[in-house]
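Chemist: Single-letter residue listing:
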Amino acid sequence: MLDRRLPPHAVLVMAALAFVCTASAQASDDRTGALAMQEIAAGIYVHIGAHEEPAAANRGDVANIGFIIGERCVAVVDTGASLAVGQALRAALRTVTPLPVCFVINTHVHPDHILGNAAFRDDHPTFVGHARLPAAMAAKGPIYQRALARDIGPAAEGSELIAPDQTVVERSELDLGGRVLQLRAWKTAHTDNDLTVFDRATGTLWLSDLLFAERIPVLDGSIRGWLAAIDELSALPARYVVPGHGSLNLPWPQALAPQRAYLATLAADIRQALAEGRTLARTVETAAAAERGKWLLFDAYNRRNAAAAFAELEWE
Amino acid sequence: MNATVRAFLACTLLMAGALVQAEPRKASPAETAAIESSEIWAKIQAQLFGQRKIDPNTDSLIEFDVPARADDAAVVPVSLRTRMTATPERFVSRLYLIIDKNPSPISAVFSFTPDSGRADIETRVRVEQYTPIRAIAELNTGELYMAARFIKASGGCSAPAGKDAEAALANIGKMRLRVDPEVRFNEPNLVQLMVSHPNTSGLSMDQVSRLYAPAYYVRSVAVSYGGKPVFSADVDFSISENPHFRFYFLPRTPGELKAEVLDTQDKSFVARLAVGERSASAAPATDAR
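Residue numbers (our numbering), protein chains in the order written: chain A, 1 to 316; chain B, 1001 to 1289.
Pulled out of the complex, with its shape left as it was, chain A reads as follows:
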């Protein structure tokens, strides 16, 4: 579905790239050092991150990031976990369009989405995020940088925190020239600073980490808030959905179902444990065990999710 206002040569370039990109392995760079991108809708490019923990081998390329091209300029959506990944994203962007980068949108504070920001500094974009993103970055940023250096080694070099210039309290719009993006700031769910992007031209809903697919969701906000957000999201119309981690060709709103099941099971198991007077230490060993076979990286994150949910639900 092509926007008829896009110049014809851009269409040809995009078509050619779409062919090249779908033919090549998603996670690896081509010889120019550019990230492999998928054009999921006209002018919307997404790179699928690996379902791995950040490590030297992947340089922190573990989240879905990308960009959206308007007539006047480009909006980047998340920049990866390191300067290196941000630079590879920028290189991919430059193979597709010469238009200036006017916005860098960070969908939330987690390091795999924000630590490539410095790659775009010289483009002088407006950095955009949730109204609570600056405080979250100030509070957690240094910890993330130290963890990054420890996890990915020298590839972390130059990875800087760049806080948003412009923040979204509830809703906002960004005009890329003939293309308007609708931004929405959510109440505490995955984190306390989640932002989603909706492109009306293509009906693309970029959910980032409000949606995880294949890889276990990470709870760093509120389990009740996230379940409420899922209910609201499922009523939103969308033609294409971009999760923060996982495949791009997901049916909507069915894409939400596995994540809702995981969070609902976790909440139910924890409420049961609380009713039985069980301690935190015992509960995290078994909560949501039924979900283990359904998610990658389950053992890396489930206990932490259970502890977070326990500390929240014990106040009910």
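Simulated from the structure, these hints should not be mistaken for lab results. Do not take every clue at face value.
[Said to hold, decoys possible] In silico DSSO-like links for lysine-lysine, alpha-carbon gap of 30 Å or less: (1) K187(A) <-> K1174(B); (2) K1174(B) <-> K1258(B); (3) K1101(B) <-> K1267(B); (4) K294(A) <-> K1152(B); (5) K1228(B) <-> K1174(B); (6) K1174(B) <-> K1267(B).
Fit chain B to the supplied structure of chain A, relying on the hints for placement.
Modeler: Okay, now just chain B, sitting in the frame of chain A:
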């Protein structure tokens, strides 16, 4: 192999597994060396106990349960139980929790009386680095016993407060004080006390202002029953956000359980619970300033 034999083997394996899990994990040689040769501990020992002898007979008196590796360094569950029948002549009066490599190693001092019923405490702590962690029991007679473990965790103290900044600010001082409604007189009964509080260390730097956020944490907890002390704690930011304590009290007649919490801004928060008249239900917390 028939079904009965299979079931028997399965049961045996399960029991063996359970038994294995009940044993405290043995520290590795390197960890044992770290526990025994800790300079920080030598200084703290001298500071708290002078030349007094500490029985390192680790697990005979104290059942000390900590994870070998923390899932979340800012919320590490620890459990200290003392295996001793208290008498008015000889009882555990204090439990010290020392986390050698935390910025504030003397993480908590818990005090008990004969009205505590049991000198047991469970709480959640922050752990800043891989470190020895120690539980020292002091009896009213002056005897000292220590159990030590090694815990792998990092970043718990310099990690900033939690997951929902606005909710945390809105809820400071709210408390939950819970006791099993089926109270048993003349026996130890479990109490759960929770305080909503950021309990921040002042060690995380605000990147915008380049200033360290001021430390703001709970510094003491005092719990009494019928006007008599049953549990108190001198604590600091080594306790996790939203301090959580499980301990015991020994009621002989119906009465009121009262918990008072004091923080570093000299704010005090009080919760009261009527016990034993009918089903114990949590009275709403009151803020006392």
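Chemist: Each of the hints needs a verdict: does it hold here or not?
Modeler: Structure-based check of each hint:
1. A distance of roughly 22 Å separates the Cα atoms of K187(A) and K1174(B); the hinted pair therefore holds under the 30 Å criterion.
2. Proximity of K1174(B) to K1258(B) is assessed by CA-CA distance (about 14 Å); at most 30 Å being required, the pair is judged to hold.
3. Restraint check for K1101(B) and K1267(B): satisfied, since their Cα atoms lie roughly 29 Å apart, inside the 30 Å limit.
4. The straight-line distance between the Cα atoms of K294(A) and K1152(B) is roughly 29 Å, inside the 30 Å bound, and the hint therefore holds.
5. A hinted pair counts as satisfied when its Cα atoms are at most 30 Å apart, and K1228(B) with K1174(B) qualifies at roughly 23 Å.
6. Between K1174(B) and K1267(B) the alpha-carbon distance is near 12 Å, which keeps this suggested pair within the 30 Å criterion.
In the structure shown, no violation is registered for any of the earlier numbered hints.
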